[in-house]
Structure formats: C-alpha cells, structure tokens
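Asker: Just so you know, the protein sequences line up as chains D and G, in that order.
FYI, in the working numbering the residues of the first sequence are 1 to 519.
FYI, in the working numbering the residues of the second sequence are 1 to 111.
No lab work stands behind these hints, which were simulated from the structure alone.
Do not rely on the hints blindly, as some may be mistaken.
[Claimed, not checked] In silico lysine to aspartate or glutamate, EDC-like type, Cα no more than 20 Å apart, as pairs:
| hint | chain 1 | residue 1 | chain 2 | residue 2 |
| --- | --- | --- | --- | --- |
| 1 | G | K66 | D | E218 |
| 2 | D | K20 | G | D24 |
| 3 | G | K66 | D | E517 |
| 4 | G | K70 | D | E438 |
| 5 | D | K52 | G | D24 |
| 6 | D | K209 | G | D54 |
| 7 | D | K20 | G | E15 |
| 8 | G | K84 | D | D482 |
| 9 | G | K106 | D | D250 |
| 10 | G | K96 | D | D250 |
| 11 | G | K70 | D | E218 |
| 12 | D | K52 | G | E40 |
| 13 | G | K106 | D | E438 |
| 14 | D | K20 | D | E48 |
| 15 | D | K102 | D | E18 |
| 16 | D | K31 | G | D54 |
| 17 | D | K31 | G | D24 |
[Said to hold, decoys possible] Covered by chain G, per the in silico footprint, the following chain D stretches (three or more residues, Cβ under 8 Å):
| hint | region |
| --- | --- |
| 18 | 184 to 190 |
| 19 | 209 to 222 |
| 20 | 403 to 417 |
These numbers come from a predicted model, not from an experiment.
For each residue, glycine too, the CB sits at the ideal point set by N, CA and C.
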Amino acid sequence: MEIDYKLPKKGWMDVPAELKKGFFCYGAKEKSLMAVDFPNARQWSVIEKDWKLPENWKQIILDGMADRLKRYRSFRLFMDICVRCGACADKCPVYLGTGDAKNMPVLRAELLRSVYRRYFTKAGKLGRLAGARELTLEVLKEWWYYFYQCSECRRCSLFCPYGIDTAEITIIGRELLNLLGLNIEWIAGPVANCYRKGNHLGLEPHTIKNSINFLLDEIEGVTGIKIEPSFNRKGSEILFVIPSGDMFADPGTYTCMGYMMLLHELGLDYTFSTYVSEGGNFGFFTSQEMAKRLNYKIYAEAKRLGVKWILGGECGHMWRVISQYMDTYNGPADFLETPRSPITGTEFQNAKSGKMVHISEFTADLIKSGMLNLDPKRNDHLKVTFHDSCNVARGMGMFEEPRYIIKAVCNNFYEMPENTIKEKTLCCGSGAGLNASENTEFRMRAGFPRANAVKYVREKHGVNMVGCICAIDRAALPPLLDHWVGDVGVCGVTELLANALIMKGEKERTTDLRGQELK
Amino acid sequence: MPNFEFGGKSYDVDEEGYLQNPEDWNKEMAEEIAKTEGVEMTEKHWEVVNFLKDYYKEYQIAPMIKILIKEMAKMFGPEKGNNKYLYELYPSGPAKQACKIAGLPKPTGCV
C-alpha cells in the first residue's frame, strides 16, 4: 500500500466545514430550550443557512469566553499549553473512524484555540502567523459541527503529555454554543424532560410503575418469585437511582430486572423515586450550570425521603458527574451518612463526600464477602467480554469491580486487546448525547474501533455477549455490533449476575432473563 | 420547521416527518402518513396503531416493543403478538413506522 505523504493543498483554516448528512444531529427544539429557560429558543433547522442567531451573537460568544477564562483556570491553561505534538490524534476513536482531520483532538481544540488567540492574546494580533483567526459565522458553524462530533470520551487526554483534557474543551465549546441556543435536540429534549419530569425519556410516575410491573411479571416468569419494590417511600435506608433507559429500553430492561432481583434477595431497605428516575445527566452535555441543576435533584430527593445514602445503577456519565463534579456543584452531601453496606458492614470511604455507591462496587463487595449464592453455569451459553464504559473507566477509575463480578458469575470471560480496555477503552461512538438515529453514519464510524476489538474476540474466542455498565452503551452498542460484527449481544453486568443468582424459594431456572434456554 | 400538508392545512412535523402536536392527528391523516411510508392501512394495521394511541393516551410515551408484543398477544392471540407479524405489517419496524402513523413523538435519551 502506498501512502501519500504530501501535505494538503489548503491549510485547515481555509477549508470550511461541510455539514454532511449522517454526521450531525437535528437542532434543539424551541420548546426544549424554553423548558429550562435557555437563550434564543426558536424554531430553526441545521440545514438551513439562517440559524436565526441574535444580531450580537459574536459579542455573546466573546463575552462568554472571557467569562469562562476567568472562571476556569483549566480552560485558559488548556488554551495556552498545547504544543501541537499530535500524540492525541490517532488515539481518538472519532478521528480513527471518520478520518476527518478536524476530529483530531488537537485540531478540534484548535478550532476554539485559534479564536482564543485572536481575541485574548497579544500574539494573536499577528493573525494567521500566530495561529489566530476571526470569529465568523463559518467558524461558529464549524464549532457546532465538530463539538457535537466529540463524544467526550477522554481517551485523548490519557495520552497527552501535558494532560490537556480535550473533553473539557468540548464542554466549554458546547457551553458557548448554548449561549446562542445552538444545542442538538437529542440532548435538549432529554434535558427538558429530566428537568420537568425527572428522567430523560419523560416517563410519568404511573408509566414508570407500569413498566416496572411489566418487568416484575417477567422476573416471576423466570424465577417464580414475586417482587414488590417501593416507590418514593420516605424513611427508606437507601435511595436507588438508575438510568431511565434501564426502565424502558432493551436490553437495559434486563439489567433493571437484575437490580431488582439482587436487591430483593438481599432484603435491602431501598426505594425507587419517580422524581429522580434518572441517573444520567444530559445537562452535562450542555453546560456546567445545567448539569448542576439536574444533579441537585438527586440530593434534594434524598433529603426529602430521609434516606441514609444513595445507591447508583449502571450509568456512564452519571458517575463522572458524581465523582468529578458533584462535590463542587452541590456537595458535600453532609445531610447523608457515609454509605455502609447493611449486608457486609463495609463502609465505602471513597463515597464519603458524594454519599453515592456504584452498584458494581456494592455487588463486588457482596461477592467478596461470600454473601451471594451463585451458579455461574447458568451463564454457560454465553461467552462474555467486557466493554469499559468511558466515563466509569476514565472518569471514575473503576476497572476491576465489574470484572470481578463477571468472573464470579460467568465461566467464559475473554478480554479484548489490552490497548482497547480499562483506561484505554474505546468509545461506543454515541456518548455525550450523540446517539440520535439521524447521526447513524457518524456513530457507526466513531464506534468502529470498539467494534473492531469485539470482532477480534468474537473470531478468536467465539464471544457472543458484551457486558457493559452504561445505558448509552446498551442503546448504542447493539446497532454498532450488528453493523460491524454480527451475532453479539449486549448486556449489563447486573443482568449476568442475576442469571447466576440463586434466590431463596426460586423455581428451577430453565432460561436466562431473556428467555433463552440454558445450556 | 418542516411541514406536512394535508387537507389544505399545514402541520408541524419534525425532520423525519413525526407530528409535533399529537392533537393534530386524525384517521385520514394517518392514512396519508402511511402512504408516505409505503404502507397501505388495513384492519390489521389499525389494530396496532389503535393500541399505540391508547397506550400513549394513558402513559404519554410510545410503549416498549416487548410491551406492544405482549399486549397484542393478549388482545388478538399469539399469532399477532410477535415480532415477525409486526414487521410484516410495518417493514421499517413497528417502533418507527407505526408510531409515526399513530402521530406519536419519537423518544430520546439513552434509548
């Protein structure tokens, strides 16, 4: 194969972004922005030339940048210190999958950095010579296109010798765009729903109850056991918060069945809340302020119900928000107690400030203490690999607990190649609110490196199930793997656990939670 | 914002032709939306759409496919309560096509 090493004819600043269908999500709707009092709520369309911006849009952006340069030292630092070494470039799954130079993290950041230089540095007065450029409408549209092509997975930041966190640059970029109402509906819709109804999908309390009842019937069908969880119950010891996708979308519903089976078997004094029926926080894909507003609800509800601590389900970015931002958003949550497992007595010191424990951590502790009766043979029809969800892996540093659980409940576990797992995990391609159907070509490309690693273990070991601990993964990986690999399922780790969990008084299991015959 | 022209009137739809205001919906319009999807509405098609509409009225969201399947089986028997049957009626998928014809909005989030 011959490689063309010639430089492109035009510099990147001279190549305006071309908004390609299949590579962007539809624009935020008026009613979604209005629901949270966001500016410039209006009817607009990405494909039309006129984005209906306020006349002084440029000033709004520049003022917004000035404000954020003051508020976030990280922002100024990340703008100043990049030496453009390019170590990040081929680490980004979006760049690997799309081949679009402006998706190299270094260049994506440069889209913003060039404007920073022009307006906020002395050298920027030299213009192009100093890598600076004017903020024009073309530049703004380019920002929108590429900042909503970054899944904020943070793989690049792992390899940056300066520790520049490009996701933080995307976050700021999106914040600035939101000052002009330039969000995407796949994010703005869930944010509005979550703010008004408590979850991204907009499920009403009775809808949640109906859906959970449906899952309880399924559990009874498989195990013969009747479970009755509680909702909004004051005085419960624990508030249990899960992503709403697990209540209402396959294959997350099997994970939800798993949660309820485990907690029932333990006899845990817990409650669901129909008001805090969402662990995820699409506000985080909008602005820090919006993330804070949505995060606050979890703690307000914990206070209202008078619980001691919070247990959190298998959600991705919820955990990044909880472990990296919650404390400065709304913390410390001193009205709660340091979480202690009532079953094992283990105190979760790491959750001392946020008072919220990850279900995988909680479960791994149960297994380690010998509190669960498990029959891994019930998962023998599965050959399992584990996809580290970016936010839990790089945003929280949790790698071993889910593996510890899988190894205890499955006899066939195979790791994907070393440079595609744990802190080096590859994105599902749809993170940070990009899993809209109109964005499919982008998603298939951005997820290609991950799918390729799954294909490898599929061919080498016959892997037929990918475990994960994130609801976006559970929504995004099935179409991705259907497209690139074929015949591989996706499940939550708690689903695997529940398959293997021997429950008191259960009937003989003939199928797994999905109704598949056991081997 | 894109529009759907019907009966001399113009209705708000999203980029993929989903009605924006469920109250705009009526039977004749549904037949017309079905045509744009290449679906000829028969009694069997209406069974699905009517269930979706009833479910939406009560729960403010389109049902999960497995709820649709289970309820169809309860109401019309197992030969109608399965994925294959629903895909025969709505080749692009009951979630996408039948919901669009029933005038339900598309769900968003981790789905």
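Asker: Take the hints in turn and mark each one as holding or not.
Answerer: Verification of the hints:
{"no.": "1", "hint": "G:K66 / D:E218", "result": "11 Å, holds"}
{"no.": "2", "hint": "D:K20 / G:D24", "result": "32 Å, violated"}
{"no.": "3", "hint": "G:K66 / D:E517", "result": "19 Å, holds"}
{"no.": "4", "hint": "G:K70 / D:E438", "result": "29 Å, violated"}
{"no.": "5", "hint": "D:K52 / G:D24", "result": "27 Å, violated"}
{"no.": "6", "hint": "D:K209 / G:D54", "result": "17 Å, holds"}
{"no.": "7", "hint": "D:K20 / G:E15", "result": "15 Å, holds"}
{"no.": "8", "hint": "G:K84 / D:D482", "result": "18 Å, holds"}
{"no.": "9", "hint": "G:K106 / D:D250", "result": "16 Å, holds"}
{"no.": "10", "hint": "G:K96 / D:D250", "result": "15 Å, holds"}
{"no.": "11", "hint": "G:K70 / D:E218", "result": "11 Å, holds"}
{"no.": "12", "hint": "D:K52 / G:E40", "result": "39 Å, violated"}
{"no.": "13", "hint": "G:K106 / D:E438", "result": "12 Å, holds"}
{"no.": "14", "hint": "D:K20 / D:E48", "result": "13 Å, holds"}
{"no.": "15", "hint": "D:K102 / D:E18", "result": "11 Å, holds"}
{"no.": "16", "hint": "D:K31 / G:D54", "result": "25 Å, violated"}
{"no.": "17", "hint": "D:K31 / G:D24", "result": "17 Å, holds"}
{"no.": "18", "hint": "184 to 190", "result": "holds (count 4)"}
{"no.": "19", "hint": "209 to 222", "result": "holds (count 3)"}
{"no.": "20", "hint": "403 to 417", "result": "violated (count 0)"}
When each numbered hint is compared with the structure, violations occur for hints 2, 4, 5, 12, 16, 20.
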